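Quick note, the sequences are listed as chains A and B, same order.
Taking the numbering used here, I'd label the letters of the first sequence as residues 143 to 293.
Taking the numbering used here, I'd label the letters of the second sequence as residues 4 to 499.
It is possible that some hints are incorrect.
As the list claims (entries may be wrong) - Pairs of lysine to aspartate or glutamate residues, derived as EDC-like cross-links and limited to a Cα-Cα distance of at most 16 Å, are as follows: (1) B:K169 to B:E192; (2) B:K60 to A:E210; (3) B:K284 to B:D207; (4) B:K169 to A:E261; (5) A:K144 to A:E157; (6) B:K60 to B:E383; (7) A:K144 to A:D186; (8) A:K144 to A:E174; (9) B:K169 to A:E256.
What the hints assert, rightly or not - Some chain A residues close to chain B (C-beta under 10 Å, calculated; not the full set): (10) E149; (11) Y170; (12) G185; (13) R187; (14) H189; (15) V200; (16) F201; (17) C204; (18) E205; (19) L227; (20) L228; (21) P230; (22) A263; (23) R265.
It should be emphasised that the hints constitute simulated quantities derived from the structure, not laboratory data.
It should be emphasised that the depicted structure is a prediction, and the values quoted were computed from it without experimental measurement.
Ideal Cβ placement from N, Cα and C applies to all residues, glycine included.
The lines below spell out each chain.
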Amino acid sequence: MKIVCGERAREVRLERDTAVLDGERLAYRIVEDGAAGERLEVGDRRHRIRVARRRDRVFVWCEGEVYEFAPARAAERPPGDRGDLLAPMPGRIRAVYVSENGAVRRGDVLLILEAMKMEHAIRAPRDGTVRHLPHREGDLVETGTPLVELA
Amino acid sequence: MIRTVLIANRGEIAVRVARTAREMGIEAVAVYSEADAGAFHVGQMPRGMNLGPGSPKETYLSIPRLVEAAQRAGADAVHPGYGFLSENAAFARAVEAAGLVWVGPPAAAIEEMGDKIRSRTRMREAGVPVVPGSDPGAHTDEELSLEALRIGFPLLVKAAAGGGGKGMSRVDRAEDLPAALAEARRLAESAFGDSTVYLEKLLDRARHVEFQIFGDRAGHLMHLFERECSVQRRHQKIVEETPSPGLDQPLRSRMAEAAVEAGRAVGYVGAGTVELLLDEKRNFYFLEMNTRLQVEHPVTEATLGIDLVRAQIDVAGGGRLPDGWARLMPRGHAIELRLYAEDPVAMLPRAGEVLEYVEPSGPGVRVDSGIARGSHVGLEFDPLLAKLVVLGPDRKAAIERARRALEDWVVLGVETNRPMLSAVLRSEPFAAGRYATDLVSQLPPPVPAEPPAAAWIAAALAMAPRAGGAPGATRSDGQGGPADPWTDAMRWRVSG
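Here chain A stands alone, though its shape is the one from the complex (with noise of 0.2 Å):
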């Protein structure tokens, strides 16, 4: 299966006690340690691991680091459209300043998004028109609303 992590893919295959990692061959075992977890063998290394699933998400801890997996196809994303600004975090919409059709300029403050008592000022990346604001003051959204669409 392809498998990507960030910018990055691997095309990885698992048979019975072998990997292939793009064509790369490698041994592995999991080990279980008890209460302490698991460790999985590649070669003759020991890597202590720990994996925890979000619907096709897979997050791995591995020796200090954390790496956020998916496979291939849920990781591509819609391109980008038109002139959307989008959420930058999850949270709730603080204050509108903008109504639609209303013209803006570059570095206005159209909104205010508040999460965890940080205020965070989404600002006209270009001058033009607020054609579409589909949120109003008090909504709740996840990172990634399209939040200003800019005519």
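Guided by the hints, dock chain B onto chain A, whose structure is given.
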């Protein structure tokens, strides 16, 4: 005699205070908002009081609800932790009016230090140097603009009611000042209910060094050495250490003296912290005083071998400062790392469920945590998840221990600032002890590490089509022997 203490807080600090209470034979009572009923801190105490539904403002920040909860619980004392209402004089008064012991300084001292403009004036009168700033009488845009020219740029616009890095913004040019003032007033009004702002000179490349002070009602007031808090992002600390690598003994003594003087000026009782800025020419200035327990108090506890919360409770109950404190000398070097739920690059808050959580351990390692596996990290609260505090025989060993313990800390499911903490520990200026408040902004953004082959294999095992059974699931269809990778994958413990 305090028998039952209500801990008017949540997260790691509520858990930390409860631990000491239990050691003292005092029953700790948790509080929680309805949405927080399953939170980690609630499960750590034998009893918990439901503050009802609603936002933090209607629950953890509601004086009537908290006082009522304390009375309903039969508590005889209230510990406010830090944040929330810990520096709210009205809360301190309401607690005492209800006949309960307030584990904190006198309400008057909270008030005196809470208004940053007033406290600056008070400190100047007491002979403690303050950061150059605007005249206390300057309020309008016009007055403040004139003051800005006198002080010089860059400068900070600060909220009079602010503190703890909240409610301040940097201004580099005179033409940006009016907009910055308007924005700062709006933020201050919404965050603190008081739109008063003032200006302070921005001391570039300054160090942020604070002194722990402690007083009792018999009039004893002492310092408990310093904490170096210059590693900050967005004016909030992420790494603290003690002793400060920036002080020598004469400077330490002078700063400590000023800190005690600051406390004496407001009749301080209990645990407090005097924050000072130290510039490159080794001039120091009063910044603000925090009239509560600090987030980073454990580094002081580590090098001095004391428990500040125990002393807070003793002193609140009328006790004196512990006898042994007069001879306290720091031993070794302590470092605290704050683990935040945030995007490691953009440093924006992150929410989600903690799918896997394992704390580091070993000699000289302490973790104060507000989360566990299964905890939900929401956006309505401060994103601080937990703190790692290490003690080593010297600074180099402490840094090495911090790096090792940080590596051993497993948090999966919620992004954290761990890459940033790791970058700080590995940076040359930090290793050399020659850094100031601009350290984090000088570091290159953390680059995601290249996953080792083992991580790719682990991910593939977790994604394998037949690996989705419940943990511990065994196959009963007789297919596949112990060497079958799919069977192994099923045994492979996958959280979430």
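Here's how the hints hold up against the structure:
For the suggested pair B:K169 and B:E192, the alpha carbons sit about 12 Å apart, so the restraint of at most 16 Å is met. Straight-line distance between C-alpha atoms of B:K60 and A:E210 comes to about 35 Å, which puts the hinted pair past the 16 Å bound. For the suggested pair B:K284 and B:D207, the alpha carbons sit about 12 Å apart, so the restraint of at most 16 Å is met. Our distance criterion of 16 Å between C-alpha atoms is met by B:K169 and A:E261, whose separation comes to about 11 Å.
Simply put, A:K144 and A:E157 have alpha-carbon atoms about 15 Å apart, close enough for the 16 Å limit, and the pair holds. For the given pair, B:K60 sits about 10 Å from B:E383 by alpha-carbon distance, which is consistent with the 16 Å threshold. Only pairs whose Cα atoms come within 16 Å are accepted, and A:K144 paired with A:D186 is rejected, the gap being roughly 25 Å. About 27 Å separates the Cα atoms of A:K144 and A:E174, which puts this hinted pair outside 16 Å; it is violated.
A hinted pair counts as satisfied when its Cα atoms are at most 16 Å apart, and B:K169 with A:E256 qualifies at roughly 14 Å. Residue-level restraint check for A:E149 holds (minimum Cβ-Cβ distance to chain B is 8 Å; threshold 10 Å). The beta carbon of A:Y170 comes within 5 Å of a beta carbon in chain B, closer than 10 Å, and the hint placing it at the interface holds. Taking 10 Å as the C-beta cut-off, the interface hint given for A:G185 holds, the closest approach to chain B being about 8 Å.
The closest approach between the C-beta of A:R187 and any C-beta of chain B is roughly 8 Å, which is under the 10 Å cut-off, so the hint is satisfied. Interface hint status for A:H189: upheld, as the beta-carbon distance to the closest one in chain B is roughly 4 Å, under 10 Å. A least Cβ separation of about 5 Å between A:V200 and chain B falls short of the 10 Å threshold, and the interface hint therefore holds. Here the hint on A:F201 is kept, as its CB sits about 4 Å from the closest CB of chain B, short of 10 Å.
For the restraint placing A:C204 at the interface with chain B, the shortest Cβ-Cβ distance is roughly 4 Å, inside the 10 Å limit, so the hint holds. Contact between A:E205 and chain B, as hinted, is supported at the beta carbon level, the nearest pair being about 7 Å apart and thus within 10 Å. Restraint check, A:L227 versus chain B: the minimum CB separation of about 15 Å is more than 10 Å; hint violated. The criterion of a C-beta within 10 Å of any C-beta in chain B is not met by A:L228, whose closest approach is roughly 12 Å, and the hint is violated.
Among the interface hints, the one on A:P230 holds; its C-beta lies about 6 Å from the nearest C-beta in chain B, closer than the 10 Å criterion. Of the supplied interface hints, the one on A:A263 holds, with its beta-carbon coming within about 8 Å of a beta-carbon of chain B, less than 10 Å. At its closest, the beta carbon of A:R265 sits 12 Å from a beta carbon of chain B; the interface hint therefore is violated under the 10 Å criterion.
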